[in-house]
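Each chain is listed here by its residues.
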Amino acid sequence: MQSVIVMFTVGLIAFSMFRFVGDPINNMVGQDTSEQERIELRERLGLNDPFLVQFGRFSLNAVQGDFGLSYKYRVPVSEMIAERMPATLELAFVAAILSLAIGIPLGVYTALKRHSFLSKLIMTTSLIGVSLPTFLTGIMLILFFGVVLRWLPTFGRGDVIELGSWSTGFLTASGLKSLILPSITLALFQLTLIMRLVRAEMLEVLRTDFVKFAKARGLPNRLVNFKHALKNTLVPVITITGLQLGSLIAFAIITESVFQWPGMGLLFIQAIADVDIPIMAAYLVLIAFFFVMINMIVDILYYAVDPRLRADNE
Amino acid sequence: MKLRHGLMAAAAAAAIAVAAPAVKAETFKYAFQGNLSSLDPHSLNETFLLVSLGNIYEGLSIYDDNLGIQPGLAESWETIEPTKWKFNLRKGVKFHNGNDFTAADVVFSWQRALSEGSDQKVRASKIKAIEVIDDHTIIIETPAPNPILTSDLVFIYMMDKEWSEKNNTTSATSASADNTGNYANLHSNGTGPFKVIDHKADVKTTFDRNTAYWSKIKSNVTKVEFTPIKEAATRVAALISGELDLVYPIPVQDWKRLDAAEGVKALAGPEARTIFLGMDQSRDELLYSNIKGKNPFKDIRVRQAFAHALNLEAIKKKVMRGAATPTGLMVAPQINGFVEELNTPYAYDPAKSRALLTEAGYPDGFEVTMDCPNNRYVNDEKICQAAVSMLAKVGVKVDLLAQPKSKYFGKVLSSGGFDTSFYLLGWTPGTMDSENVLSSLLSCQNKETKTGLFNLGNYCNPRVDELTKKVGSETDQAKRNAMIKEIFQIVKDEYGYLPLHQQPLSWGVSDRVTVSQRADNGLDFRYVVVNK
Amino acid sequence: MENTVEKSRMARILDSDIWHSFARSPVAIISSIVTLVIIFGALFAPFIAPNDPFDLVAIDLMDASLPPAWLEEGDSRFFLGTDDQGRGILSTIMYGARISLFVGFASVIFSMIVGISLGLISGYVGGRTDAIIMRIADIQLSFPAILIALLLDGVARGLVPKEMHNDVTIYVLVFAIGISGWVQYARTVRGSTLVEKNKEYVQAARIIGIRPGTILRRHILPNVMGPVMVIATIHLAIAIITEATLSFLGVGVPPTTPSLGTLIRIGNEYLFSGEWWITIFPGAALVILVLAVNLLGDWLRDALNPKLR
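Residue numbers (the numbering used here), protein chains in the order written: chain Y, 46 to 359; chain A, 48 to 579; chain E, 20 to 328.
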């Protein structure tokens, strides 16, 4: 029920926003098209109806999974999004795995060996990576690995294989190669965030009495560090990682446009430029849906990981 | 007056026949900044889309690589009366699905171009009626004498009546909710030298050679892959890395880099698009200025002062990297009606400019806001910035409002109520004829006659309007051009607009291929050759 | 009574421990010097910058794209070269840092205040309040920062008189970036609050009748400050970068008065053409600034943490 309200609100806010993005008509017709025809088109699209009528019509259709026809491509938006979703999800998935697989170990290492030179080096270099705007990082990677070394493709997804309605780049060499640069670009930010968070939490936990106590009892360091300490850092890590998974999808917008990655983000940014309202609306509602789902899962995991929280909800 | 094209057609065919036919599989890959939003030839009147679809679909006449009119699906034509043209259709032409091309298809395509969702109504309405004499002869009647009918016909593409009816796509694809017949949006069936075998809008489009094409073409390409790439840097990278054979447009500042890199080069040429500044000359008070109660731009001396404050050579050298052609005229040399002696730009003379402003009563200048797109023309925002700085030096303080094109056009065009005081715009007449510029940009705003609708500052002179009307129906080229010249002279003397330059076409090409760069920034596959 | 105790403790920490720890940490000293230098350069740009890049009368297009002074064709007036409009890079960096720092700090402080308060309330009070706040957070999170800014920008443009647009843009940006960032703080603070509030000492404090406000401030807030500082430092970088991305979408600061991010964005277009100085110097300035702030944040977190002692 809450989720429905969330999505409804997102739809409403998104919809009221569209009026400020620009006039869709200019992008739907050529420069010679007369004023009269523009007015007629506006009428046909229902853009002259009162705001609430437009929104009501949109929500009614959206509930049935119908987001209307794209103004620019003249095909059902739901089809377009479905076609683009695999690209974005695969990219976000790989980026998330990358940032967890590298971020957590680095975070643990820098927490345990916080005074070592290597730790300090890792901490410092990780910051340089996030101090550059994503579009610049992406371009630099393309410039170096694509243009200078010519090791990796500079754009697109490579060859994809259709598995039913899901197109995957995981099964071809060029598809996998194409994933490398964009997923690194996308993961860089999250990686640093997760690493620093794990480190901060680890440091906190290592100072707590129960860890000191465990060590005093003579339990091996390794066991204390990983079984007890790491486990207890997981609450905030799960929160942030969960939230970041959602923003990975949202932030894929920039990565996708730098690498011409044919995902939802690219579709969306293009739609903003074209004032393609149905695509924008559908994308935003979908992103809202993702977030609601992720939040629910995060909340559930909370209780699973930290038993003390259960006491509250008996 | 009769125009005979038979001879010309023969000559063209002979020239093309010299090239060897395609034998080996050759794939050509290219990228453009925009995308193929639809395969429906009547859905959108946009140059890139139409030129791209020109490889699949064809009109009765077609452009060659110099934008010259050539016989296309019509073998020859003649004017039998000022408003009646007889067209002899080409025999033996087949659509990609094997159907024959006949007069019925012409009538059908014309009607489809007039259907509700069509964005080609302007062109299609240049035809009043079509009379079918036999399967391969028609007579087209125009509402008024139209000397440039064959230019209008280039982009009225011919579709197969039978195929369209079978697939329920007899009216143009539109975005309105009740539209169901959008088959032609994603599928195609033309007569052109290439056919689409896979189309994912905004991702990738793959073309295959039409082996049954009616004419021999220069190209030896058997397969074409098109990818839209929005980011300029990504396009350039994909070209240099050898993944693509052609990308366009490329930033003018990257020419040096391309020429230094191995295996690629920059291909440049003058585009038929003129970039200019316009000023609100009709409101009694500017919408965005600190001068209240009057409109400085109504004073010719102020417009003149602006003209002399702009250093077009500096813009050419520094912003456009030498790649623009400074201009004094609202049309490019490729456009019919271009007048060489009027093309000298207004001289750069800041001292004179300051004197004129003082004379006009603005010794300390004034403030005005300038509207500028930032993703529409080559270095548009940078040109505006440069203009702002130049005007500052004569005392005019310009606030720059640079926006993405969707917001910009939504504000300054008629749909936004011409909400601007001072703006930058670019224009290419789709017909390659001055008449389009006269009626769209130089005539007074008039919603009834649908003229001057892109004359955002409403420059208005009744004499210009009167002449424009005559130009529209004058069939004598000499008389017509004399009138066009008179109009341009008036506009120039009155400082109605401030033309800046023709922007360059800027393509990046791999040495693997030879292409022909058309002045409308179009890529015609017919002229793409993979070098051996 | 309570207040005086608290104050004297704060004073004690500031007087001794922090300063002591600061004096012993070379990283902290260096990064604070770097930060101060950049802030100083930004604040006093009008007095110390070699030329005024915002003065349209002074800049000359014919000076555009000059390389740094030590290279061939360089011009001694422009130590780090000029950009595509003929503005000196060194000066634009100083002026740009001014704008970036303002947008960055103002929006981080804004979202910290909103986020921490809501996070504490949400986690501590729980129940319906918690649900409502977290749902608002969900809705908010569904919108990438860029979109929120687009929306706010549009609304602001509708509300503000037309001729004032260029003047209010920067405040709209602060508000937009600030608003888009609060959720991170709120979620994290809430997560930690949930854990802390069930701990014995908090429950004990509650039982002996200490007011919730005091409990939050004295017992819970210090415990959540660690993660918050981590987020805040990174958020500062994000804020500056978001500002650049927004400029890219056409709702950032006007191009005639560029920020550091805008400079990088503009320079980005010249990466291939060999005019590396247009993007590398502002980029380096940004990296150094963010790095220094982050290192300072790291150190500050350790120093503020009472358990470290």
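Derived by calculation from the structure, the hints in this document are not laboratory data. Among the hints, erroneous ones may be present.
Some chain E residues flagged as far from chain Y (calculated, every beta-carbon gap over 10 Å) [claimed, not checked]: (1) L62; (2) F66; (3) D71; (4) W89; (5) E91; (6) I132; (7) I152; (8) M153; (9) Y190; (10) I198; (11) T207; (12) I227; (13) L240; (14) P246; (15) F291; (16) G302.
List of simulated lysine to any residue pairs, SDA-like, C-alpha gap at most 25 Å [claimed, not checked]: (17) K247(A) x D204(Y); (18) K276(Y) x L213(E); (19) K165(Y) x I49(E); (20) K165(Y) x W318(E); (21) K251(A) x S563(A); (22) K270(A) x K276(Y); (23) K175(A) x T496(A); (24) K165(Y) x D82(E); (25) K345(A) x L334(A).
Glycine residues also receive a C-beta, built at the ideal position from the N, C-alpha and C atoms.
For each hint, the structure was consulted:
no., hint, result
1, L62, "holds, 21 Å"
2, F66, "holds, 28 Å"
3, D71, "holds, 26 Å"
4, W89, "holds, 24 Å"
5, E91, "holds, 24 Å"
6, I132, "holds, 20 Å"
7, I152, "holds, 12 Å"
8, M153, "violated, 8 Å"
9, Y190, "holds, 17 Å"
10, I198, "holds, 12 Å"
11, T207, "violated, 6 Å"
12, I227, "holds, 21 Å"
13, L240, "holds, 15 Å"
14, P246, "violated, 6 Å"
15, F291, "violated, 8 Å"
16, G302, "violated, 6 Å"
17, K247(A) x D204(Y), "holds, 14 Å"
18, K276(Y) x L213(E), "holds, 17 Å"
19, K165(Y) x I49(E), "holds, 15 Å"
20, K165(Y) x W318(E), "holds, 12 Å"
21, K251(A) x S563(A), "holds, 22 Å"
22, K270(A) x K276(Y), "violated, 57 Å"
23, K175(A) x T496(A), "holds, 18 Å"
24, K165(Y) x D82(E), "violated, 43 Å"
25, K345(A) x L334(A), "holds, 14 Å"
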